[in-house]
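Trainee: Sequence:
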Amino acid sequence: MRALAPFALAALLAPAQLALAQEFREVGAGAAVLYDGPSERAAKRFIVVRGTPLEVVSQLGAWVKVRDYAGDVLWIAQADLAAQSRSVVVSRALASVRRSPRDVGELLFQAERGVLLEVVDDSAPEGWLRVRHRDGTAGFVSAGEVWGR
Numbered sequence: 798m799r800a801l802a803p804f805a806l807a808a809l810l811a812p813a814q815l816a817l818a819q820e821f822r823e824v825g826a827g828a829a830v831l832y833d834g835p836s837e838r839a840a841k842r843f844i845v846v847r848g849t850p851l852e853v854v855s856q857l858g859a860w861v862k863v864r865d866y867a868g869d870v871l872w873i874a875q876a877d878l879a880a881q882s883r884s885v886v887v888s889r890a891l892a893s894v895r896r897s898p899r900d901v902g903e904l905l906f907q908a909e910r911g912v913l914l915e916v917v918d919d920s921a922p923e924g925w926l927r928v929r930h931r932d933g934t935a936g937f938v939s940a941g942e943v944w945g946r
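Take any residue in the sequence shown, count from 1 to its spot, add 797: that is its number in our numbering.
There's no promise every hint is true.
To be verified - Heads up, simulated SDA-like pairs for lysine to any residue below, C-alpha to C-alpha not over 25 Å straight-line:
#, residue 1, residue 2
1, 841, 853
2, 862, 899
3, 862, 830
4, 841, 862
5, 862, 895
6, 862, 891
7, 862, 896
8, 862, 820
9, 841, 925
10, 841, 899
11, 862, 893
12, 841, 818
13, 862, 927
14, 841, 877
15, 862, 944
16, 841, 902
17, 862, 842
18, 862, 877
19, 841, 852
20, 841, 858
21, 862, 827
22, 841, 826
23, 841, 911
24, 841, 897
25, 841, 859
What the hints assert, rightly or not - Computed Cβ-Cβ distance ranges for the label pairs, DEER-style:
#, residue 1, residue 2, range
26, 875, 899, 33 to 41 Å
27, 840, 924, 38 to 46 Å
28, 819, 846, 17 to 25 Å
29, 935, 888, 17 to 25 Å
30, 858, 924, 20 to 28 Å
31, 922, 880, 20 to 28 Å
32, 910, 935, 31 to 39 Å
33, 819, 929, 34 to 42 Å
34, 855, 933, 30 to 38 Å
35, 899, 844, 34 to 42 Å
36, 833, 900, 37 to 45 Å
37, 906, 883, 33 to 41 Å
Calculated from the structure, these hints are not laboratory results.
Note that CB positions come from ideal geometry on N, CA and C, so glycine has one too.
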């Protein structure tokens, strides 16, 4: 019975951990390196550009463990992150950006997986985000087609 106690505690805490809100921050520096450990001596894995949203997993001193939209878990220097995320990244093969927040709204453009979109404001109806492409075109995208919020 005593051997089962840690499992029982974990089972009780699991729903509480799931209830915690995800924290997203974006790369604030012009470009930043993602490492496989919390040190500049760790192996460099990727370079990410300004605005790239990253999910915060944990923090260790001046280093933040993050998850990217592909699911990779890596480390970034805290100094390279902005206070919050104002961007999302297309997580599907194609995301449709529409003039209005409706599935049948006029299609303005489609963005491929990995494209960054700036979130313009938070006034969109639930399930939608008002976004702007770097070329200036703005519209609405379904929240299910992007990652970072």
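Trainee: If a hint holds in the structure, say so; if it does not, say that too.
Mentor: Here's how the hints hold up against the structure:
1. 841 <-> 853: Holds, at roughly 18 Å.
2. 862 <-> 899: violated (36 Å)
3. 862 <-> 830: Distance of about 12 Å is within 25 Å: holds.
4. 841 <-> 862: holds (14 Å)
5. 862 <-> 895: Status violated; Cα separation ~34 Å.
6. 862 <-> 891: The hint is violated at about 28 Å.
7. 862 <-> 896: Status violated; Cα separation ~37 Å.
8. 862 <-> 820: Given that 25 Å is the threshold and the Cα spacing comes to 12 Å, the pair holds.
9. 841 <-> 925: Not satisfied, since the Cα-Cα distance of roughly 35 Å exceeds 25 Å.
10. 841 <-> 899: violated (42 Å)
11. 862 <-> 893: Judged against 25 Å, a Cα distance of about 31 Å means the pair is violated.
12. 841 <-> 818: violated (29 Å)
13. 862 <-> 927: Given pair residue 862, residue 927 is violated - Cα atoms ~28 Å apart, limit 25 Å.
14. 841 <-> 877: Holds: residue 841 and residue 877 sit about 15 Å apart, inside 25 Å.
15. 862 <-> 944: holds (17 Å)
16. 841 <-> 902: violated (43 Å)
17. 862 <-> 842: Given that 25 Å is the threshold and the Cα spacing comes to 13 Å, the pair holds.
18. 862 <-> 877: Within the cut-off at roughly 12 Å; holds.
19. 841 <-> 852: holds (19 Å)
20. 841 <-> 858: holds (19 Å)
21. 862 <-> 827: holds (19 Å)
22. 841 <-> 826: holds (17 Å)
23. 841 <-> 911: Holds - the C-alpha atoms of residue 911 and residue 841 are around 20 Å apart, at most 25 Å.
24. 841 <-> 897: Roughly 41 Å separates the two Cα atoms, so the pair is violated.
25. 841 <-> 859: holds (17 Å)
26. 875 <-> 899: 33 to 41 Å: Check passed, 40 Å falls within 33 to 41 Å.
27. 840 <-> 924: 38 to 46 Å: With a Cβ separation near 39 Å, residue 840 and residue 924 satisfy 38 to 46 Å, so the hint holds.
28. 819 <-> 846: 17 to 25 Å: The hinted range 17 to 25 Å holds for residue 819 and residue 846, with Cβ atoms some 21 Å apart.
29. 935 <-> 888: 17 to 25 Å: holds (20 Å)
30. 858 <-> 924: 20 to 28 Å: Roughly 38 Å apart at Cβ, these two residues miss the hinted range, so it is violated.
31. 922 <-> 880: 20 to 28 Å: Distance hint for residue 922, residue 880 holds at roughly 26 Å.
32. 910 <-> 935: 31 to 39 Å: violated (20 Å)
33. 819 <-> 929: 34 to 42 Å: For residue 819 and residue 929 the Cβ distance comes to about 23 Å; the hint is violated.
34. 855 <-> 933: 30 to 38 Å: holds (37 Å)
35. 899 <-> 844: 34 to 42 Å: holds (37 Å)
36. 833 <-> 900: 37 to 45 Å: About 40 Å separates the Cβ atoms of residue 833 and residue 900, which means 37 to 45 Å holds.
37. 906 <-> 883: 33 to 41 Å: violated (20 Å)
Checked against the numbered hints given earlier, the structure breaks hints 2, 5, 6, 7, 9, 10, 11, 12, 13, 16, 24, 30, 32, 33, 37 and satisfies all the rest.
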